[in-house]
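Taking the hints into account, I'd like the entire structure generated from these sequences.
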Amino acid sequence: MAKRASTGNKALVIVESPAKARTISKFLGPDYTVEASIGHIRDLPQGSKEIPKEYKGEKWAYLGVNVDDGFTPIYIVPPDKKQHVSKLKQLLKESDSLFLATDEDREGEAISWHLAEVLNPKVPVKRLVFHEITEEAIKGALANPRDIDDGLVRAQETRRILDRLYGYEVSQLLWRKVAPRLSAGRVQSVAVRMIVERERARMAFRSATYFDLLGRFASAEGKEFDAELVSVGGRRIPTGKDFDSTTGLLKDSKLLQMSEQEALALAERLKVAKFQVTGIEDRPYTRKPSDPFTTSTLQQEANRKLGFTARRTMDVAQSLYENGYITYMRTDSTNLAQVAIDAARDLVRTEYGDAFVPAQPRIYKSKVKNAQEAHEAIRPAGHPFKLPQNLRSELNPDQFRLFDMIWKRTIASQMADARGRNITITLEGDGAVFQVTGKTIEFAGFLRAYVEGSDDPDAELADQERILPSVDKGYPLNIKKLDAKSHTTQPPARFSEASLTAALEERGIGRPSTYASIIETILARQYVFKKGNALVPTWTAFSVSKLLEMHLPKLVDYQFTAQMEDLLDSISRKESEHGEYLRQFYFGDVKPQSDAGHSMAVGDEGLKKLLETKIQEIDARDMSRFSLGKPEEGGDEVFVRVGKFGPFIEQGERKASIQQETAPDEITLARALEMLNQASVAEEPLGLDPETQKPVYMKQGRFGPYVQLGTADDEEKPKNASLLKGMTPPDVTLEVALKLLSLPRNLGVHATLGEPIQAFNGKFGPYIKCGSETRSLPKEISPLEVTAEQAIELLAQPKTRGGGRGQAAAREPLRTLEPSPVTNEPIKLLAGRYGAYVTDGQTNASLPKDMQPETLTHEQAVQLLADRAAKAPAGGRGRRKAAPKKAAVKKAAPKKAAAKKGAKKAAPEKKKVVDVPFEVEE
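Position 594 of the sequence shown, counting from 1, maps to 593 under numbering that gives the first Met the number 0, and the rest follow consecutively.
Hint data in this document are derived by calculation from the structure and do not stem from the laboratory.
Just to be clear, a hint being listed does not mean it is correct.
As the list claims (entries may be wrong) - Derived pair list, reagent style DSS-like, types lysine-lysine, alpha-carbon separation capped at 30 Å: (1) K385 <-> K287; (2) K438 <-> K479; (3) K9 <-> K138; (4) K607 <-> K81; (5) K81 <-> K58; (6) K553 <-> K654; (7) K88 <-> K55; (8) K607 <-> K573; (9) K58 <-> K86; (10) K553 <-> K479; (11) K364 <-> K573; (12) K407 <-> K304; (13) K270 <-> K472; (14) K472 <-> K438; (15) K545 <-> K654; (16) K222 <-> K270; (17) K529 <-> K698; (18) K253 <-> K484; (19) K385 <-> K138; (20) K643 <-> K573; (21) K484 <-> K472; (22) K718 <-> K629.
What the hints assert, rightly or not - Listed next, with one range per pair, are the computed distances between beta-carbon atoms: (23) P29 <-> T285: 54 to 60 Å; (24) G634 <-> L248: 27 to 33 Å; (25) S24 <-> G761: 46 to 52 Å.
Positions of the beta carbon are idealized from the N, C-alpha and C atoms, including for glycine.
As C-alpha cells, this is what we get:
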C-alpha cells in the first residue's frame with residue numbers, strides 16, 4: 000500500500016500493542032517494520048528499590064519526583080522492559096526513519112515522547128495519528144504526519160506527578176491512622192467517598208408503607224383494562240417521593256396515606272359505585288435516538304445490556320479497535336466524521352427503508368466538558384460499515400456482542416425520530432379517582448434498530464405499547480375487581496459500575512478512559528465489594544472517607560477534583576503552566592493568579608505541610624469507630640470498630656466480629672446487639688476435650704463460624720477449625736467439634752505408595768492427600784467420615800485437569816497463544832488452583848475475575864504478564880525463573896544511565912529514603 004523511495008533500510012513504525020502492530024503491518028509494504036512498545040517503556044520508580052543510586056539519599060527520593068527542582072520526574076526503564084528497549088534500539092539502527100504511531104490520547108502521546116527520549120533516534124522522527132486502523136486511515140496518517148504534541152505530553156506528565164504526590168503522601172497518612180497497605184488517589188478516593196455517601200443515605204433511610212387500589216374496569220363492549228387509584232375525596236394518594244427518606248413520614252400531611260384496613264374498606268365501598276370516564280388526555284410525543292457511544296456511555300450500556308464490567312468492556316473494545324473493527328475506544332466525543340454519517344445513512348436506507356432516514360444528517364455535540372471534538376465517537380471502522388452478521392465467524396462471542404451493540408447504536412443515531420401518542424384516561428366514582436396511561440407507537444423510527452438497555456428491539460417495542468379501549472368522556476365503566484396494593488419505599492440504590500461511571504462523568508471527575516482502572520483499584524484495595532451488580536463499601540472505606548472528609552476535605556471535594564481535570568486540559572492546550580500548579584498543590588503559599596478558578600492549592604500550607612500537621616492531630620481511634628447508638632434499655636454505647644483483623648462490634652468490653660461482605664447498612668443497633676449476645680454465648684464452651692481437658696468453643700469470625708480448642712491465655716496458640724460447607728453453628732455438638740479439630744485425619748499408610756493418607760478440610764473444600772498425590776472429596780463424602788478404602792479408590796483414579804492440589808504432572812494448557820515478546824516462548828493459558836493464569840515460561844499472571852479465559856487475546860496476555868513482572872521482585876512470586884540476587888546486582892548499573900535520561904538535575908542533599916512498596920495512584 001505505502002510506497003517509499005528505496006534506500007536499503009526500512010522505516011520503523013512503533014505502536015503500543017502486538018495486535019495493533021499485526022493489523023497495521025497488513026496495510027504497509029515491505030519497506031516498513033512494525034513493532035510494539037507493549038505500553039510504556041519508561042515510568043517513575045516503583046518504590047525505593049528502583050530509585051537510581053545517585054538519588055537514594057535525597058529527601059524526596061521516595062516520590063521519584065524532585066520536588067525541590069521544578070518537580071522534575073525521575074524516569075527509569077523498568078527491568079522487565081530493558082530487553083525490549085534493546086530490541087527497539089537495534090531495529091532503529093537498521094531503519095532510515097521512525098514513525099511513532101501510538102494512540103491519539105494523552106497517554107499515547109506520552110508513550111511516543113518517552114520512546115523518542117529513550118531511543119534517541121538519529122533519523123527523522125514523525126508522529127502518526129489515526130482513530131481507526133483501516134487502510135485509508137493509515138494511508139492518510141502517513142501522508143500527514145506531525146510532530147509530538149508537547150502540550151499533551153506535559154498534561155500527561157503533570158497528571159502522573161500529581162497522582163504520585165497525592166497517592167504516596169496521603170497513603171502514608173492512611174497507613175498510620177487507619178490500616179497498613181491502604182491507598183489514596185486523586186480520583187479513586189473521591190469515587191470511594193461517593194459510594195460511602197450512598198451507603199450512609201441507605202443507613203439513614205427509614206422506610207414507609209402505604210396502600211392504594213388497583214382496579215380492573217371494563218367497557219360496555221367488554222374490553223378490560225387496569226387503572227390505579229390517584230385520589231379519594233380530593234386528597235391525593237402519595238407515591239414514594241412524597242415521603243421523607245430519613246423519617247419515613249409524609250412531607251405533606253394533606254395527602255392520604257391509607258393502611259391496609261382502610262384500603263380494604265375503601266375497596267368494599269367502591270364495589271357498588273358507578274364509574275364513568277371524566278377526562279381523556281391525548282398527547283403526541285417524539286423521541287430522539289441516543290448519541291453515538293463515548294467511552295463512558297459504552298461502558299454503561301455494556302454493563303446494563305451485556306452484564307460486562309468496565310474492564311471487560313475496555314478489553315474487548317481494545318481488541319476490536321486493534322484488529323480494525325471499530326474506531327478508537329478512548330474518547331469523550333460524540334462527533335461522527337462525515338464519511339461515517341454517510342455510511343450510516345446509506346445502511347439505514349438499505350436495511351430499513353427511506354422513511355427511516357431523516358431529511359438532514361444528525362450532528363452531535365458532546366455534553367462532556369472539555370471533550371476533544373477532534374476525536375470521533377466509537378463507531379464501526381471504515382466505510383461502508385461491515386454488517387455484524389458477516390463478521391460472526393471472525394469474532395469471539397464477547398467481541399461480536401459488543402461490535403453488534405456499537406453498530407446498532409451508530410446506525411440508530413442517524414435514524415428518524417420515533418413518534419407516538421400518550422393517552423391518559425381518568426375515571427371517577429363515589430369520590431375516588433383512578434387513572435391509566437396508554438402508549439401507542441405510530442412510527443418506530445430508530446427504535447426499530449436500537450433500544451437503550453434492551454437486547455431485543457422488537458420485543459421492547461411490543462412492551463412499550465399499551466393499547467387502551469376507545470372511550471369518550473362520560474362513558475360508563477363496570478368494576479370487575481378491586482385489589483388493595485401495598486407499597487414500601489426503597490432506600491437509594493447502590494452504585495453499579497455503570498451508574499458510578501455516569502456519576503463521575505457528570506461531575507467532571509476523572510476521564511472515561513480511567514474509569515475501568517479506578518473501579519478495579521477500589522475493588523482490589525477492598526474499599527468496596529460486589530453484591531450482585533452493586534458496589535458495596537467496606538467499613539475500611541468508611542474510615543478512610545471519614546479521615547479525608549474531616550481532615551483533608553479539599554482532596555475529596557467534588558468541585559476541586561473536577562478542577563484538576565480542567566487544569567490538565569488547559570495544560571494540554573498550552574494555556575497553563577504545569578510547574579506553578581504543582582508548586583501550589585504541594586508547597587502552598589498561593590499567590591493571586593489571573594486564572595484563580597484553577598487554583599490547585601489544598602490550603603495555604605500546601606499538601607506537604609498539611610500532612611505533617613495532621614500526623615500529630617488525627618486520633619486514629621476516632622477514625623476507626625462509628626456509633627450505632629445506645630440501647631433503649633440502657634447500657635454502653637455500641638460502636639462499629641475497624642481493627643487490624645477486620646471490622647467488629649464493640650460495647651464496653653463486649654466484642655463481636657462482623658463477617659466479610661456484610662453490607663454496612665445491615666449493621667443496625669438491633670442487629671449489633673444480637674451479634675454481641677451471640678458472641679457472649681460463644682464464650683460458653685461446648686464442653687471439654689477429653690484428651691487435653693481444654694474447653695472447646697463455637698466462635699464467630701470475620702470469615703464465618705469456626706470451632707476453637709483452648710483460649711488465648713494458653714501458652715500455645717489455640718487450635719481452630721472451620722466448619723464444613725453446609726454446616727451451621729446449631730449443627731455443631733462437642734462431638735462434631737472434636738472431629739473438626741482432629742483434621743487432618745490419618746487414615747493409615749497406602750500399601751503401594753508407602754505414604755500416609757490424610758483427610759483435610761481445605762480452603763477450597765475437603766480433600767485427601769498421600770505424598771504428592773491429592774484428590775478432592777466428592778460432595779457426598781465427608782472428611783470426617785471418609786474411610787481408607789474410599790481414599791485408596793479415589794487416589795487410583797486419574798486427576799482431572801485443574802483439579803487436585805499439589806499435582807506433580809504438568810497441566811495441559813487450556814490454550815496456547817503466540818510467543819511472548821520478552822521470552823519468545825509461547826504464552827500458555829493454564830487452569831491453576833486459584834483460577835486461570837497465563838505464563839511465558841518466566842512470569843505467571845492471574846486473569847482478573849471478570850476476564851473470560853475463552854476470550855483472552857494475545858495482547859491482553861502480554862499486558863497481564865508485563866504488569867505482573869513489573870510488580871514482582873526478582874525471584875519472587877509471579878516469576879517461574881527465580882533470578883539469583885547476584886544477577887540482579889550485576890544488572891543494577893544500567894539503572895543509573897536510564898534514570899539520567901529522564902532526570903534533569905541531581906540535588907546534592909542526602910537524606911534517608913522512605914520506601915513506598917507499591918503504586919497507589921490511578
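How the hints compare with the structure:
no.: 1; hint: K385 <-> K287; in the structure: 25 Å, holds
no.: 2; hint: K438 <-> K479; in the structure: 23 Å, holds
no.: 3; hint: K9 <-> K138; in the structure: 17 Å, holds
no.: 4; hint: K607 <-> K81; in the structure: 34 Å, violated
no.: 5; hint: K81 <-> K58; in the structure: 28 Å, holds
no.: 6; hint: K553 <-> K654; in the structure: 35 Å, violated
no.: 7; hint: K88 <-> K55; in the structure: 29 Å, holds
no.: 8; hint: K607 <-> K573; in the structure: 27 Å, holds
no.: 9; hint: K58 <-> K86; in the structure: 35 Å, violated
no.: 10; hint: K553 <-> K479; in the structure: 61 Å, violated
no.: 11; hint: K364 <-> K573; in the structure: 23 Å, holds
no.: 12; hint: K407 <-> K304; in the structure: 13 Å, holds
no.: 13; hint: K270 <-> K472; in the structure: 21 Å, holds
no.: 14; hint: K472 <-> K438; in the structure: 19 Å, holds
no.: 15; hint: K545 <-> K654; in the structure: 22 Å, holds
no.: 16; hint: K222 <-> K270; in the structure: 19 Å, holds
no.: 17; hint: K529 <-> K698; in the structure: 26 Å, holds
no.: 18; hint: K253 <-> K484; in the structure: 21 Å, holds
no.: 19; hint: K385 <-> K138; in the structure: 20 Å, holds
no.: 20; hint: K643 <-> K573; in the structure: 47 Å, violated
no.: 21; hint: K484 <-> K472; in the structure: 27 Å, holds
no.: 22; hint: K718 <-> K629; in the structure: 35 Å, violated
no.: 23; hint: P29 <-> T285: 54 to 60 Å; in the structure: 56 Å, holds
no.: 24; hint: G634 <-> L248: 27 to 33 Å; in the structure: 28 Å, holds
no.: 25; hint: S24 <-> G761: 46 to 52 Å; in the structure: 49 Å, holds
This entry does not satisfy hints 4, 6, 9, 10, 20, 22, going by the numbered hints stated previously.
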